[in-house]
Amino acid sequence: NAGVTQTPKFQVLKTGQSMTLQCAQDMNHNSMYWYRQDPGMGLRLIYYSASEGTTDKGEVPNGYNVSRLNKREFSLRLESAAPSQTSVYFCACLRVGRVGDTQYFGPGTRLTVL
Amino acid sequence: AQSVTQLGSHVSVSEGALVLLRCNYSSSVPPYLFWYVQYPNQGLQLLLKYTSAATLVKGINDFEAEFKKSETSFHLTKPSAHMSDAAEYFCAVSKSSGNTPLVFGKGTRLSVIA
Numbered sequence: 002n003a004g005v006t007q008t009p010k011f012q013v014l015k016t017g018q019s020m021t022l023q024c025a026q027d028m029n030h031n032s033m034y035w036y037r038q039d040p041g042m043g044l045r046l047i048y049y050s051a052s053e054g055t056t057d058k059g060e061v062p063n064g065y066n067v068s069r070l071n072k073r074e075f076s077l078r079l080e081s082a083a084p085s086q087t088s089v090y091f092c093a094c095l096r097v098g099r100v101g102d103t104q105y106f107g108p109g110t111r112l113t114v115l
Numbered sequence: 305a306q307s308v309t310q311l312g313s314h315v316s317v318s319e320g321a322l323v324l325l326r327c328n329y330s331s332s333v334p335p336y337l338f339w340y341v342q343y344p345n346q347g348l349q350l351l352l353k354y355t356s357a358a359t360l361v362k363g364i365n366d367f368e369a370e371f372k373k374s375e376t377s378f379h380l381t382k383p384s385a386h387m388s389d390a391a392e393y394f395c396a397v398s399k400s401s402g403n404t405p406l407v408f409g410k411g412t413r414l415s416v417i418a
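Residue numbers (our numbering), protein chains in the order written: chain H, 2 to 115; chain R, 305 to 418.
Please keep in mind that the hints were generated in silico from the structure rather than gathered at the bench. Just so you know, not all the hints are guaranteed correct.
As the list claims (entries may be wrong) - Within a straight-line C-alpha distance of at most 27 Å, the following computed DSS-like cross-link-like pairs (lysine-lysine) qualify: (1) R:K399 x R:K410; (2) H:K10 x R:K373; (3) R:K362 x R:K373; (4) R:K410 x R:K372; (5) R:K410 x R:K373; (6) H:K15 x H:K72; (7) H:K72 x R:K399; (8) R:K399 x R:K362; (9) R:K372 x R:K399; (10) R:K373 x R:K399; (11) H:K58 x R:K399; (12) H:K58 x R:K373.
To be verified - Derived Cβ-Cβ restraints for the label pairs, each shown as a range: (13) H:K58 x R:E375: 30 to 36 Å; (14) R:R413 x H:D27: 47 to 53 Å; (15) R:N345 x H:E74: 20 to 26 Å.
Said to hold, decoys possible - Pulled from the structure, derived: some chain H residues nowhere near chain R, Cβ distances all over 10 Å: (16) T8; (17) Q12; (18) K15; (19) S19; (20) T21; (21) Q23; (22) M42; (23) E53; (24) N66; (25) L70; (26) E74; (27) S85; (28) Q86; (29) T103; (30) G109; (31) T113.
In this text the structure is predicted, and so the values were computed from the model without any measurement. C-beta: ideal position from N, C-alpha, C; glycine also.
Produce the complete structure using the sequences and hints provided.
Given below as structure tokens:
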């Protein structure tokens, strides 16, 4: 049981290049999320998916697209990377419980855009 | 709208001293409140959560937090700091209904001095 996995762990891109960050969860939860973490900013929500086939914008969606391929996988795509997208990206899934919901996070992807 | 304010971006304590990390929230509906910890180069790990049951919540590694509605606070404490507690701590809030994204504070970095 790996929980939430993310690939790659590290990536360096040049401005204008594209790439897809992969996220998968083996906990069979419906909701998944993508956050970015920047120094002094905490975590900010980029996109989320309440269930397979649905996606919604979060606080900072510009420059990103997402795909909820199936219940397990939720990918984040940068079509034309910019230096402002240099960040650490975290994927999370949500366990809905009788005594409150809990988000579980992956280990993160460190992205540098030159 | 919901928001979280963490007072102090950096807190430094001596080993064995009390740890107090402050969090105030704003929510128009009854909130769920969370504390997450992030060790260097790792993802976020849930420390504890408040879900409208007991106001004093105990978490892992002897951390606890008290929900005070009158003060809109959810401060995190630990009686005796250990070197291994050095990390970044995030307070987060969500609505008490299910499937809503977390809103995070900007984080507090805890340093523990020997």
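Those earlier numbered hints the structure runs against, lowest number first: Those not satisfied are hints 2, 6, 12, 14, 22, 29 and 30.
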